[in-house]
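Chain by chain, the residues run as shown.
2 protein chains.
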Amino acid sequence: MEKARRILQGDIRTASHLIRDIEDNVPEAKSIISHLFPHTGKAYVIGVTGSPGAGKSTIIDCIIESYRSMSKSVGVLLVDPTSPFTGGAILGDRIRMQRHIGDKEVFVRSLATRGALGGLSKAVGDAIHILDAMGKDVIIIETVGTGQQEVEIINHAHTVVVVLVPGMGDEIQAIKAGIMEIGDIFVINKGDTRGASKLSSEIQGILELSSCHPESWHPHVMRIESMDEPERFQESVNRVVTKITEHMSYLIEQNLLKERIRRKTVNEFVDALKSVIFEPVMDHIIRKGELDKIVDRLMKKETDPYSCAEEVAREYFQNHNDK
Amino acid sequence: MEKARRILQGDIRTASHLIRDIEDNVPEAKSIISHLFPHTGKAYVIGVTGSPGAGKSTIIDCIIESYRSMSKSVGVLLVDPTSPFTGGAILGDRIRMQRHIGDKEVFVRSLATRGALGGLSKAVGDAIHILDAMGKDVIIIETVGTGQQEVEIINHAHTVVVVLVPGMGDEIQAIKAGIMEIGDIFVINKGDTRGASKLSSEIQGILELSSCHPESWHPHVMRIESMDEPERFQESVNRVVTKITEHMSYLIEQNLLKERIRRKTVNEFVDALKSVIFEPVMDHIIRKGELDKIVDRLMKKETDPYSCAEEVAREYFQNHNDK
Chain A
2 MEKARRILQG DIRTASHLIR DIEDNVPEAK SIISHLFPHT GKAYVIGVTG SPGAGKSTII
62 DCIIESYRSM SKSVGVLLVD PTSPFTGGAI LGDRIRMQRH IGDKEVFVRS LATRGALGGL
122 SKAVGDAIHI LDAMGKDVII IETVGTGQQE VEIINHAHTV VVVLVPGMGD EIQAIKAGIM
182 EIGDIFVINK GDTRGASKLS SEIQGILELS SCHPESWHPH VMRIESMDEP ERFQESVNRV
242 VTKITEHMSY LIEQNLLKER IRRKTVNEFV DALKSVIFEP VMDHIIRKGE LDKIVDRLMK
302 KETDPYSCAE EVAREYFQNH NDK
Chain B
2 MEKARRILQG DIRTASHLIR DIEDNVPEAK SIISHLFPHT GKAYVIGVTG SPGAGKSTII
62 DCIIESYRSM SKSVGVLLVD PTSPFTGGAI LGDRIRMQRH IGDKEVFVRS LATRGALGGL
122 SKAVGDAIHI LDAMGKDVII IETVGTGQQE VEIINHAHTV VVVLVPGMGD EIQAIKAGIM
182 EIGDIFVINK GDTRGASKLS SEIQGILELS SCHPESWHPH VMRIESMDEP ERFQESVNRV
242 VTKITEHMSY LIEQNLLKER IRRKTVNEFV DALKSVIFEP VMDHIIRKGE LDKIVDRLMK
302 KETDPYSCAE EVAREYFQNH NDK
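As they're listed, the protein sequences go chains A and B. According to this note's numbering, the first sequence is numbered sequentially starting from 2. According to this note's numbering, the second sequence is numbered sequentially starting from 2.
Simulated from the structure, these hints should not be mistaken for lab results. Worth double-checking, as some hints may not be accurate.
Just so you know, same-sequence chains aren't split out, so a pair can sit in one copy or run between any two.
Once the Cα atoms are required to be at most 25 Å apart in a straight line, the calculated SDA-like pairs of lysine to any residue come out as [claimed, not checked]:
| # | residue 1 | residue 2 |
| --- | --- | --- |
| 1 | Lys244 | Asn156 |
| 2 | Lys275 | His285 |
| 3 | Lys275 | Arg288 |
| 4 | Lys43 | Gly136 |
| 5 | Lys265 | Glu24 |
| 6 | Lys4 | Ser308 |
| 7 | Lys31 | Pro231 |
| 8 | Lys73 | Glu247 |
| 9 | Lys31 | Ile286 |
This is chain A alone, in the form it adopts within the complex (with noise of 0.2 Å):
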């Protein structure tokens, strides 16, 4: 298949142009991803979440940066599931990052999606595999932390930074996204202002009360420089870094990894079954334009959801197999 060579050599507009169609849901991208599967799993993936303001992209620059130091190659993946409207914010981190735009080697794209909901996540994983069969050695997710969703598109990552800056009720965002759950390292940003220090007791004090188990990796909270001196906020981003490789050790010691893995491809198998079995027969009923009368059947109380259930089951196999 064409498309799926020119991808594994890293061609960039392929490459784009296949998260495009993933972002439309283009019934073509699926076999291109299966073609592409095989070459996944190399990567590892980092997840960077926190409020809109607290300094992702400046960060996520620097972490580029630091890796690319290393001579790793990146790909970066900014999501944004909170409106349609912030197309424009998006542009706004991509600007930010464009000192590695001449660089071949760093690949940075945003994603978004104009379908279903609760898609989001699995174009978040298919974009992943996308970046992870062109041969990045490290994948970056950005995404706004707040809600349930990004949770769930966080969970794609194998190590989790939140980034917090103190004096935007952070804490509270935090918590409210279910965040202080999944965060592996908290980053808190200009942490020489005021209130930095007591924002890092607060997260540290969260931390403590919900940690149960003892054997298992304690969250790190870190401070890191004003970015007024970029050499400094450099230095500061490089001990995230670190961390984070510290993280990935730890997981691989653990037999963590692996089991992350596993989980993530059974559900990703689940998923794909669910889609090819169940979703012919919605699509089905939506088209005929069915579901609104089955509804109406219900509310009028004229039959129940599981005998009606049953009836369009068997009048859709019916139909299917005698074709």
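The hints should help you fit chain B onto chain A, whose structure is shown.
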């Protein structure tokens, strides 16, 4: 159907057995629910949630009292998804509500699932149908609000009451559970103790921050008196019940109750269709020990999720049709 008939007559023993069968995922239970379904949709469903120790059961006891004084019959479901080891706590709750134990118009049952993950919300839906078919005017669902699953459960309710108490870090708990977004009425227990007014204004503040629909119901924060004076406590709870009725009227006036019921009906049908179509295939794979083999093949990159899912589905439906 004999059992369905008995439940429609309000038979407590048959209803209790059916709830137990729902918990155990006994197949026969589905067909009884199907028989009951046409007789449902009359009860008003109230969700009560909050941290352990917030005083939910004492308040529910008084809510029951309040409705009984209006000659309404009441069903109560105590749901505790957090742990299989909390049977004691639930029993404790039931003991606290025992002043209604001789009242035939009050039916209190605890609910847990020994079965699969994610099934508890569905079980709650079915149990509500049972209590509804029994002819209960009001159904109260109690959950301990500490996670995503509880939010799903409480979504079965038409009006959601969140119980908070000062000095327990409740605001953090509430936000964590995503309860701030689903609460229609916030009740602050021990409203005359220190910290109650601070908690009240904190909750108000969060509500104002997150309120983006000026035309919609503005969640109400109410402080209730100390339990030390039973009569004044009951009077406080009576005011909560008045507010519940106000919320119900609002939902009906704005046509929101019908919309809510419609949305729930869609979900119920989609869940039923999924279980009718997808579960037999998944059960078959697990029973034959295929899932582990599939995941092993995927992890060795011998196949990919889509191709494998298509293969599995094709094989299943072929064998299924040959029979």
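Status of each hint after checking the structure:
Taking the shortest Cα distances, Lys244 and Asn156 sit within 25 Å of each other inside one copy (19 Å), while across copies they are farther apart (40 Å). For the homomeric pair Lys275 and His285, the shortest alpha-carbon distances inside one copy (15 Å) and between copies (14 Å) are both at most 25 Å. Taking the closest pair of Cα atoms, Lys275 and Arg288 come within 25 Å of each other both inside a single copy (19 Å) and across two copies (18 Å). In this assembly of identical chains, the alpha carbons of Lys43 and Gly136 lie at most 25 Å apart only when taken from the same copy (8 Å versus 59 Å across copies).
Only within a single protomer do Lys265 and Glu24 lie at most 25 Å apart by alpha-carbon distance; the minimum there is 21 Å, versus 28 Å between protomers. In this assembly of identical chains, the alpha carbons of Lys4 and Ser308 lie at most 25 Å apart only when taken from different copies (18 Å versus 46 Å within one copy). Within a single copy, Lys31 and Pro231 get their C-alpha atoms no closer than 42 Å, and across copies no closer than 64 Å, so neither meets the 25 Å cut-off. Within a single copy, Lys73 and Glu247 get their C-alpha atoms as close as 17 Å, which meets the 25 Å cut-off; across copies the closest is 62 Å, which misses it.
In the homo-oligomer, the alpha carbons of Lys31 and Ile286 lie at most 25 Å apart both inside one protomer (23 Å) and across protomers (23 Å), since each shortest distance falls under that limit.
The structure shown violates just one earlier hint, number 7.
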